[in-house]
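Novice: Sequence:
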Amino acid sequence: MPLLEPKPEVLRPGAARTPSPDRVPDARATGTPEPLRGELTALLGPKKVLWTVSDLVKYASDASPYRFVPQVVVVPEDIDDISAILSYAHGKGREVVFRAAGTSLNGQAQGEDILVDVRHHWAGIEVLDDGARARIRPGTTVMRANATLARYGRLLGPDPASAIACTIGGVVANNASGMTAGTTRNSYRTVASLTFVLPSGTVVDTADPAADELLAHAEPQLCEGLLALKAEIEADAELTARIRAKYEIKNTNGYRLDAFLDGSTPVQILRGLMVGSEGTFGFISEVVFDTLPLDRKVSSALLFFPSLTAAAAAVPRFNEAGAIAVELMDGNTLRASVSVQGVPADWAELPKETAALLVEFRAPDEPGQEAYERAAAAVVEGLDLVVPVASVTNEFTREAKVISGYWKARKAFVTAVGGSRPSGTTLITEDFAVPPSLLADACEALLRLQAEHGFDAAVAGHAAHGNLHFLLAFDAAKPSDVDRYAAFMDDFCRLTVERFDGSLKAEHATGRNIAPFLELEWGPKATELMWRTKQVIDPDGVLAPRIVLDRDPKAHLRGLKTIPEVELIADPCIECGFCEPTCPSHDLTTSPRQRIVLRREMMRQPGGSPVETGLLDAYGYEAVDTCAGDSTCKLACPVGIDTGAMMKDFRHQRHSPREERMAALTARNFKAVEASARLAVAAADRIGDRLLETVTGLARKAVRPDLVPEWLPEIPGAAPRKLPRTSRVGASAVYYPACVNRIFGGPEGHRGPSLPQAVVAVAARAGKPVWIPEDVAGTCCSTIWHSKGYDEGNVVMANRIVEAAWGWTAGGKLPLVVDASSCTLGIAHEVVPYLTEDNRELHRELTVVDSLVWAADELLPELTILRKTGSAVLHPTCSMQHLGDVEQLRTVAEACAEEVVVPDDAGCCAFAGDRGMLHKELTASATAKEAAEVNSREYDAYLSANRMCEIGMDRATGRAYHSVLMELERATRP
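The letter at position 160 of the sequence shown is residue 160 when you use the working numbering, and the numbering goes up by one with no holes.
No wet-lab data here; the hints were simulated from the structure. Please note: incorrect hints may appear among the correct ones.
With a straight-line cut-off of 25 Å between C-alpha atoms, the simulated PhoX-like cross-links for lysine-lysine are [as the list claims (entries may be wrong)]:
id	residue 1	residue 2
1	Lys297	Lys401
2	Lys478	Lys297
3	Lys48	Lys929
4	Lys868	Lys929
5	Lys868	Lys768
6	Lys768	Lys722
7	Lys352	Lys408
8	Lys920	Lys47
9	Lys230	Lys525
In this text the structure is predicted, and so the values were computed from the model without any measurement.
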């Protein structure tokens, strides 16, 4: 064991705990049992089989209120792996559940036996017919697919609120729709063809002209069974009419029986049945969508009403006016949304009875937009709107930023309300639909029913389509609370079906919590047909048992998960998974959601249990060490949960007093440390990469991998010993070269000026000279200590840089321009909690400006572009995302290049200062998709604005990245 390896028990929860009834039992502490583990390892290979207790626990939770611990998790790479898994399951009598993003709200992505992760190796999109169609793999998120399609002026029909995280496979398997899809733009209506693997292992491509012939040869009994069911349904006129009527409104409860009416051949029937089948009929390996036009002329309004029923009553008027979306939010939802960044704070004061409609019109051109706005104005004129707080305008707007804010609040419904629930309670998300003409009555009846059962639920939904969602919170560890929930569900389901003839699941799919009520909605004849369909397609019951069909009347009460309290910063988490696609480590070790899930399981356990010990042993590397600490999870989370900050705190807890003292000593003597580092980098050019890699590798083994960086060949040479000469007299800004730019030089082979020289030069050319203080050496933005959790050193440097900056800027009279985005973020925001009260006052007087913003806003208008490069690809850093200056990066780049591209897969590189040198596998994983996209073609320039991130991308792509400001200097050089 390395000399300074931290002890896992340091992170053992210290609070007194009552073991939870749903805790993982001690017998599961050793992970996947034999022979299951050994047989799957022999079949697939060790890298595709996840078997430790940590692996099983982190896959046991998803966005639903359920929790089932799988026996094993497998990660297939291709269809051959899928077929092998299904064949194994058939031969051994085992069960298989597919899981992609884990954003499903009803437990359909959870399994109790073999769980198959189909996200990691199943992403990709191919645009067809100039954007009219798209071939998409199932692990691709909706947002990622739409980012590519937007270049062609197209988009997908389904638009779920979880588009940032949910994947195409799950969208199709659940027939998810969203804000605008309704019954005409959902997957069932817009999927052109599917490729899928049946439970038997047979692969079907519905676009193949010979598909029916091939299927008949491979699966004759299946084909006969499907055609027999079709004939039986079509011979029953009453049943046929009932099926057609059920799909006049949104409905994802049970199987799509209309597939038997819409399809004339077995393959066509299967194509329809696979949509909404929730993984119970097969694995969808590829989807071809018919895409829709992306109408870019948008007008939206957030309109406030005195009550939920008043808002619901207005919905038909906007539908008639042509609105593409009419979204309903009740008072509880609106008030909870104040936790979402950008939502007006005075919404917290809204009366409980208040409700709002988010109404949107989209048109392809200006005349169409104007016509919609006239129709909308006529509707608004006849409404009795209210202005309960000052921020309410009740006006339509075209302003993209305002509209984006409206949608951000709406899409955060589940997470914002869930985050404000009482600590320790489980969240249930219900989803039903009624004929839109009955929406107002349904709202009134729902509110009355909630009150009868003691629930104060939040209500929102796609009102244009009669589709409402509501959230209930209760303590799953209390039998009385579970009984109350059960009684409510009985009454709610009867109300929806018997009074409104509605759908018990409009777009979230049946899942585990509505399966017991399937027959209540569909009746015995149709329900039995669904059971027979399952028998025809999956006669051995291998795929996803109990997820759509379950004869247990209490199935929805089985597996309800408790939510034990964890660290305050993470406690609001409802495990929705929105954070996962942005996390640099999610394909390597754990995601933010999984870090919290593992922590919650520790809290469920009695102190010292074998399961807790096993989780702690893995948590150090899998959760703490391989967290990049970039906090992009905070940006993706609608309620701003910063799991990165929690990991930094855990790093601090693991430090010994000696480590903290050494870190503080480094901060106090940073001038010497900085000079030594520059000299070491300069010497490295003469020593050679191979020797340095060997020496640092040995040191890492002896001391600790998380303390000693590994030398990487991509590390550049030293920066010039001296910074450019500047004058304070006449300076328009103070220029602060970050320590990384004082230590490291430009990319290998770079012959132009250094970054500090370039910044000074372009500022002078723009007539806005900058001044570099003579005493910048020995100062730092403090991110070095902050990211590693060294609090004492962080305090030392945070206060030093603020005091120095205040002096340099003459008490804040001049802006402080910083040339590395992470350092800008550090000085502008991250140092604040570590400042003394006096220095917080000084900090409030500072204006800290990122060099990108300075260049775009202040310099570019005064510069003459003399030459442009042909093409440039950008790497926006995570710090730029936090600062909101990605557009400035693009603006400066567009001044320097004829073509500017931001990769669709751009994300955090996870180099994170030196973390890419501590755990190079983290950066390799984080950059894999972006690097592949970048290297799919040649560019003339590879640009960013943070030296360590540029090094990370150099390593990932084999290309030489440099600062966009160096490119700006070249473009304006006389």
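Novice: Are the hints correct? Go through all of them and say.
Specialist: Here is how each hint holds up against the structure:
For the proposed pair Lys297 and Lys401, the alpha carbon gap of about 14 Å is at most 25 Å, so the pair holds. At roughly 51 Å between alpha-carbon atoms, Lys478 and Lys297 are farther apart than 25 Å, so this suggested pair is violated. Taken as a hint, the Lys48 and Lys929 pair is honoured in the structure, with Cα atoms around 19 Å apart against an allowance of 25 Å. Of the pairs offered as hints, the one joining Lys868 and Lys929 is violated, with about 28 Å between alpha carbons and a cut-off of 25 Å exceeded.
For the hint linking Lys868 to Lys768, the alpha-carbon distance of about 22 Å falls within 25 Å, and the restraint holds. The suggested pairing of Lys768 with Lys722 holds, with an alpha-carbon distance near 22 Å, which does not exceed 25 Å. Only pairs whose Cα atoms come within 25 Å are accepted, and Lys352 paired with Lys408 is accepted, the gap being roughly 21 Å. With a C-alpha separation of about 18 Å, the suggested pair Lys920 and Lys47 falls inside the 25 Å cut-off, and the hint holds.
Annotation: proposed proximity of Lys230 to Lys525 holds, straight-line Cα distance about 14 Å (limit 25 Å).
When each numbered hint is compared with the structure, violations occur for hints 2 and 4.
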